[in-house]
Amino acid sequence: MPLHDKVFHYGERGSFTKTKSGRPQVYEKILRKCLQENKLFEDPEFPCQDSSINIPDMKDEIFWQRPKEIVKKPRFFVGGSSRHDIRQTNIGNCWFVAALAGMTEHKELFDRVVPKDQSFKEGLYAGAFHFLFWNDNRWVDIVIDDRLPMFQSGGFMSVKSVDDNEFWSSLLEKAYAKLNGSYGALVAGRGWEVMPNLTGGIPELIPAFPLPDDIWNTMKFAFDRKSIITVDSKYGEGSDKHLDVGLTAHHEYTVSGMAQLEASGETVKLIRLRNPWGHVEYNGPWSDKSDKWDQVPQSKREELGVVVRDDGEFWLDDGYFRETFDAVNLCYLQPDSIKQYTYVNCWQTSAFEGSWLKGVSAGGPDLDDDKYGINPQYLLTIPEPQHGDDDKLLAVLVSMRIKGKRPGKYLLGPGGRAWNPFGFAMYKVHDPRTCPKPIPVEYLRRRDSFITREDIDNQRNLTIRLHLRSGTYCVVPFNVWPDTENDFLLRIFTEQKSECREWDREVQVLEPLKAEDIEDVKGEEVLTDGGRMGPEDLREKLKKTFQEGGVEVDFPLDVCYTMVAFMDKDMTGEMYNDDFKTLHEFLQKCQDAHKMYDDSSTGSISTLKLREALEHAGCYVNQRVLRALVKRYSRENKIDFVNFVA
1 MPLHDKVFHY GERGSFTKTK SGRPQVYEKI LRKCLQENKL FEDPEFPCQD SSINIPDMKD
61 EIFWQRPKEI VKKPRFFVGG SSRHDIRQTN IGNCWFVAAL AGMTEHKELF DRVVPKDQSF
121 KEGLYAGAFH FLFWNDNRWV DIVIDDRLPM FQSGGFMSVK SVDDNEFWSS LLEKAYAKLN
181 GSYGALVAGR GWEVMPNLTG GIPELIPAFP LPDDIWNTMK FAFDRKSIIT VDSKYGEGSD
241 KHLDVGLTAH HEYTVSGMAQ LEASGETVKL IRLRNPWGHV EYNGPWSDKS DKWDQVPQSK
301 REELGVVVRD DGEFWLDDGY FRETFDAVNL CYLQPDSIKQ YTYVNCWQTS AFEGSWLKGV
361 SAGGPDLDDD KYGINPQYLL TIPEPQHGDD DKLLAVLVSM RIKGKRPGKY LLGPGGRAWN
421 PFGFAMYKVH DPRTCPKPIP VEYLRRRDSF ITREDIDNQR NLTIRLHLRS GTYCVVPFNV
481 WPDTENDFLL RIFTEQKSEC REWDREVQVL EPLKAEDIED VKGEEVLTDG GRMGPEDLRE
541 KLKKTFQEGG VEVDFPLDVC YTMVAFMDKD MTGEMYNDDF KTLHEFLQKC QDAHKMYDDS
601 STGSISTLKL REALEHAGCY VNQRVLRALV KRYSRENKID FVNFVA
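Note that full-length UniProt numbering has the sequence shown beginning at 1, numbered continuously upward.
Be aware that a few hints might be false.
[Said to hold, decoys possible] In silico lysine-lysine, DSSO-like type, Cα no more than 30 Å apart, as pairs: (1) K20 x K6; (2) K497 x K6; (3) K569 x K543; (4) K403 x K107; (5) K269 x K292.
Worth flagging that the hints you see were computed from the coordinates, not collected in a lab.
Quick caveat, the model's predicted, so the values are computed rather than measured.
Taking the hints into account, I'd like the entire structure generated from these sequences.
Okay, here's the thing in structure tokens:
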């Protein structure tokens with residue numbers, strides 16, 4: 001979503017956030033009110049209580065203080081912002097701190113997330129601050145008060161700055177904790193989980209040990225496109241939390257630089273990392289004090305920023321990196337996030353919000369099951385190369401994200417899962433111009449998917465990086481467990497202009513027959529005097545007409561009002577006899593369709609058959625409309641005749 005698009009207030013309709021009061025929190029209004037009343041803001045939506053901490057081991061150890069109670073002269077920024085500002089403290093959120101450090105390198109993006117219209121200066125300060133996060137395809141403005149959790153024994157519980165009187169990072173972390181429900185939701189994770197919230201970008205996780213031989217090239221590809229990158233060190237032996245040569249086990253570092261140079265006649269590939277603690281460094285080959293740097297000209301060392309200083313930042317070579325780290329977290333940024341870099345090759349982006357709804361679109365992963373065909377479908381078309389290079393491969397990112405809050409390690413679901421498993425398949429489509437909407441499952445069975453990817457690591461994000469030739473491809477998202485429900489976001493990034501669209505039919509209602517072409521309705525004698533009828537007349541008329549056909553149907557009065565309004569062309573609140581003929585013909589079609597798809601003769605049809613039944617009655621709908629109909633008119637995924645008509 002472009003940076004200039006709408007920003008939602010916390011609790012605003014459409015923001016995917018809710019307030020206890022039901023009213024959105026607007027920073028400007030809160031600040032103005034507190035300044036006028038000469039009081040400090042206390043946030044009722046994120047109170048200073050154990051529920052906002054939600055870390056069992058820290059219960060009763062925490063008290064809350066405002067920055068002005070912690071230091072004499074607090075400041076929002078001290079000398080601007082940089083990756084060196086931030087230090088992790090006492091909760092296990094190195095993944096958050098590492099990603100945050102990476103985000104500080106992108107000024108335009110940082111200024112978006114951390115608005116500069118806030119201060120501790122008199123006349124501007126009222127204990128209220130705000131930060132923007134990307135939340136399920138929306139930028140949301142999160143308002144907080146500035147009371148921070150502190151340990152009774154002394155010291156910050158939260159992220160802190162290297163400068164004791166700088167507080168932007170501590171306050172930003174509190175806003176992120178509020179978005180996710182508590183500080184406990186931030187314990188234990190990986191950088192690629194928070195990266196989208198900070199950037200709106202597409203995350204990719206590369207988990208493997210050992211990492212692939214070409215991992216440096218993959219990281220350089222992303223780094224050159226101004227992506228944010230963090231890496232996870234492997235576990236230590238037994239209970240040892242420290243690896244050899246100064247690295248910490250099971251810890252997340254920020255990638256702050258990449259370089260390739262010549263040393264002793266060999267090409268060396270280097271990676272620069274930063275420890276979120278702001279100290280404790282690697283001390284092996286190519287570290288700050290390594291004699292390897294003696295082989296490199298002084299000018300090159302200065303260019304790479306090689307300084308002997310315990311600031312948590314260091315270089316190491318690609319070989320040792322692959323031996324010591326077991327995961328790489330990447331975040332590819334949207335074009336508007338990096339438009340300050342005019343030379344960067346930006347992505348073309350598309351985004352679709354969808355859902356799996358039982359009985360409508362939750363078809364599961366099994367292509368042999370007919371229900372597979374109800375899964376949502378999206379088509380990606382990559383045009384022919386402009387210069388006739390038919391063999392050219394185009395970089396494509398396909399990414400899915402499950403919507404909702406991050407539960408954290410203390411609020412996991414059944415079996416320790418935070419998210420229901422999901423995935424997607426991709427198929428080459430050879431005849432897109434004549435391909436039906438949606439593509440029938442029989443068609444997909446004749447075309448093997450060239451990629452099927454499922455979440456196997458209990459994550460909410462799933463991304464695959466591909467290199468594709470020109471052509472058309474169908475993406476089919478699915479839940480691994482059929483009939484389970486979730487809302488998802490599908491995004492596709494391509495290196496050049498492409499076309500992406502939801503592949504579903506257009507909503508259409510066939511024209512009804514004209515009254516003069518319809519045979520006389522049975523029970524013509526029950527038509528009202530004057531040839532007009534209102535909703536109550538229509539209700540009685542339909543009851544008698546269907547009785548003559550041997551069917552007992554009593555339409556609710558509100559449905560009859562809708563029918564009259566549907567047929568009332570001159571806005572009188574009534575319908576004419578000829579209109580009744582047309583309506584009756586339509587109801588007969590509905591009855592025939594409902595009966596045809598009532599496989600068990602129970603008087604109701606399964607929502608799985610609803611689309612086909614509607615088409616038989618002359619109504620063509622897409623999944624978006626179908627979801628709305630099922631939520632409104634179904635009962636336990638069944639629809640009786642009256643609700644089918646409604």
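Given pair status - K6, K497, alpha carbons within 30 Å: holds, 24 Å
Restraint status (C-alpha distance of K403 to K107 at most 30 Å): Satisfied, since the Cα-Cα distance of roughly 28 Å is no more than 30 Å.
30 Å Cα cutoff - pair K269, K292: holds, 13 Å
Restraint status (C-alpha distance of K569 to K543 at most 30 Å): Answer holds: K569 to K543 is near 24 Å, not above 30 Å.
Holds or violated: K20 to K6, with C-alpha atoms at most 30 Å apart: Distance ~23 Å between K20 and K6 Cα, so the pair holds.
In this structure, every one of the numbered hints holds.
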